[in-house]
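The chain contents come next:
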Amino acid sequence: MFDRRLVQNFDWSLLGLTCVLSCMGLVTLYSAVTAGTQVLQMEYYKQLIWYLVGLFFLIISFLFNYKAFDQWGHVIYILCISLLVGVLIFGADSKGAIRWLKFGFFSIQPSEPVKIAVIIILTRHYSKHTNTAGLTLRELINPFLLTMVPFFLIVKQPDLGTAIMIVLIAGSMTVFVKIEKRSFLYLIISCIISIPLVWFFLREYQKARILTFLDPERDPLGTGYHIIQSKIAIGSGMISGKGFLQGTQNALSFLPEQHTDFIFSVLAEEWGLTGSVMMLIVFLLLIIKGLNVAYRCREPFGTILSVGITAMIFWQVIINIGMVMGLMPVVGVTLPFISYGGSSLVTVMICIGILMNVSMRRFMVE
Amino acid sequence: MSKYLQSADSDWYKKRLTGVVFLVLAFFLILIARLVYLQVIEGDEFRRLSENNCIRLQNIDPSRGLIFDCNGKLLVDNRPAFDLSIILKDAKPVEHTIEMLSQYINVPATELMSKIIRKTGASSYAPILLKQDIGRDTLAAIEVHKYNLPGIVVSVKPRRHYIYKQSAAHLIGYLGEISSDELKSEKFFCNKAGDYIGKFGVEKKYESLLRGKRGGRQVEVNAAGQVVRVLRTVKAFPGHNIYLSIDSLLQQKAEELLEGLAGTIIAMEPATGQILAMASSPAFDQNAFVNGMSHKQWDSLISNPFRPMENKAINAEYPPASLYKIVTAIAGLEEGIIDENTLFHCPGYYKCGNRVFRCWEKRGHGKVDVVKALSESCDVFFYQVGQKLGVDKLAWYARACGLGSPTGINLDYEAKGLIPTADWKRSRTGIGWQLGETLSVAIGQSYNLVTPLQMMTLISGIANGGIRHQPLIIGKVETAEGEIVSENNRKVTGKLPASQRTIDIVKKGLWDAVNKRKGTAWIAAHIDDVDISGKTGTAQLVGRKGGDESAYKDKIHKFDHLKPHAWFVAYAPSKEPQIAVTVIVEHGEHGSSAAAPLSRELIKTYLSISK
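These protein sequence lines map, in sequence, to chains B and D.
For the first sequence, our numbering gives the first residue as 83, with consecutive numbering after it.
For the second sequence, our numbering gives the first residue as 1387, with consecutive numbering after it.
Just to be clear, a hint being listed does not mean it is correct.
Claimed, not checked - Only pairs whose alpha carbons sit at most 30 Å apart, straight line, appear in this in silico DSSO-like list of lysine-lysine:
1. B:Lys289 / D:Lys1599
2. D:Lys1570 / B:Lys128
3. D:Lys1501 / D:Lys1532
4. D:Lys1894 / D:Lys1877
Derived from the structure by calculation, the hints contain no laboratory data.
Please model the entire structure based on the sequences and the hints provided.
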């Protein structure tokens, strides 16, 4: 039966924040591609279509009761894992990494929806198995395995950025539902001990790669150069920015991947501190809103689900922006709503849809 | 559930969520603090750096490894070449600069402009190449007028230089600009458009060793595009130096001998399998590939009927002709069909069924044993051996001798050759094997095809007492500092299917061929001071139907391209061979007259050098 309270409880503020971010994304993408070649400009129209597709999925995601995820979580998980296996077998090559599955005229990147699958499967697990004393090491084995399967499949592609995201999301959710004090201590100690051990067994070139990852300056012709250019772009925006379409760094195609991972530097150059802080504030509002949904939900499944989704958006924003400002290692993590890319956009739209779903059904419990 | 102290309810979660909010706020504060640092505190400096896009990357090309001969004589090096490019953003106004430049380098301004127009759409900070390899005089003129030519940059690029024009061209190979397909492939992931990579021969096969590692620097430039400051440098590492197994003196002698002919000469050290010389004629000038070749030059290379681009030693397949009698002799002796005393009568022809097979010697050889059959190349003797063996037995021995399959030399495009069997013919043509064809196969005509290098490993195997080696072209590889990376030792690929006794009999036949008055190579290869053994071969390209000798002679004299190929394989000194040689002269007619003298000269040269 259709419940009128569903409409009354509809979360307009979530939808509003999503629209604001989408508009910021379209404007920034427009200046990022204008400087580029014809091919890039075609991408802009493709992305417009992706926004519509994303909106469609967002609506789908709040239409049914989110409790269905509790029932179907394992099916979604297995489906996504098989897509990942499919990528390794049939995947399409792009810049030396195999991340795509081609379906006729479009292709998808299964590692993106896998993030949602991991959130759902862990929510399903934790909502049944937690207590206020926290999880012991033994109880952590199952969630650990559930995380590691997609993690290794994604590392194999290789797509380090998404793999790290999966670990961060799973870690955040686990810490949120609480790990038992002694177990937590053991975990940290064993991590500290194992790092030098692993280091000892790595080959010379693997060590070099990790060092470059942690310190891009070691690779002044590759990543190090990208970071310097990105910092120049952001810094040169100063307080008020150079103005829409006036960014020179971007215009010269000096920025690597300016329309995907490095899109924030395009925004920061053209809109300055004012624009950048504004975008950060909108992201912050969205995240607070996500936590608020978790707070107001009156049963564990919805709460943990919302926390997982919010953690995903939070880490992507922090890592992406931290990376382009030279605060963090360079990994391929997209900026939600802003970066070019269909799979990542649709994924984040689905996430918002799920948050709205939890939010509008909060009255249904008890 | 009973073991849990208290199950987590939503109130408990709510308490935990407040902590999370503070954590989130802290992270966002860090991001904002960083933004303030970059955009406010360091903002002026970054704005200055962005103004002219001051920070740029420059390549440092590694110098490619050098190539030496076995004695350390330099064959291939790099010379500095000066390339002229323009950076549009710095060259203001572009038209004026180009007009000035065109006067100094004697290239019409329109031609220069067309190069620029072709590159529109690319970043205006990327240098556009205007003229490659300008001479020193032009360079001096440009340097003098540097200040009238904003945005014009001269870059020094090492350019490959093949010191001995055309020498060992097929073995060494050449460089060419990387193609867009190659750029996409995993193998060339560290290459950039415009790079020169090995396209042929050793240059191609050992690309990864010769290439070295690219370096680069981050530089800050001023408004005119001149470097003010070098921020960071990554050193380039030079490629490894390669020492070939060939002796350049011997190589040049081989090329001299082939001058004006189409064919190949290979020389090998029987004890190790090292290639001492490998010449293929006609050859090409490798420098032309590196310096840029006109369409006309390229067309003439491609359309030349003598196929200069082909390494005839390994890419070309020829009928083995009488050289194949060595295989037939080995097979006959090993299978017990003949021994050293078996005699056949040769009346000048052999009747098989209702067909008559001729011997090349119309008058016949009379009573023939295997040694005499090899030395005088009696066809009738081998017809009978072949008939008793059958084609499949013969094919097995030929394969075991290394014929009909690649030798494993580390060069591209090695041909396989062909050793026919009854099954092969049936699956190919649908017709069963005919006995007459076995007789033709036994003397090396019919479908048989071999490469000169396969013949080389066989004769080298006979010379060293039965061991087949993989032909070696690389002596050693060293780093630029002279540290040895790898030293190729000999690699045995198999043994000839022959006992010591059989090999001794064959060797006797080959010795007689050169040193007995009736031997086929007596006139052409015999010299008093060197003890040579060898075998001639004449590969007919058209049949002599029905023994109509005069029609055949008419035909081949009218058309040069129907003349038979001339073969000669040899080794010397016969007792303890130091060198084995294979020669083929295309359309040279007789192995004895066209190919054998070349072998003799080469052997003489080698033995005098090695003394």
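Hint by hint, which ones does this structure get wrong, listed from lowest number up?
Going through the list in order, the structure violates no hint and respects every one.
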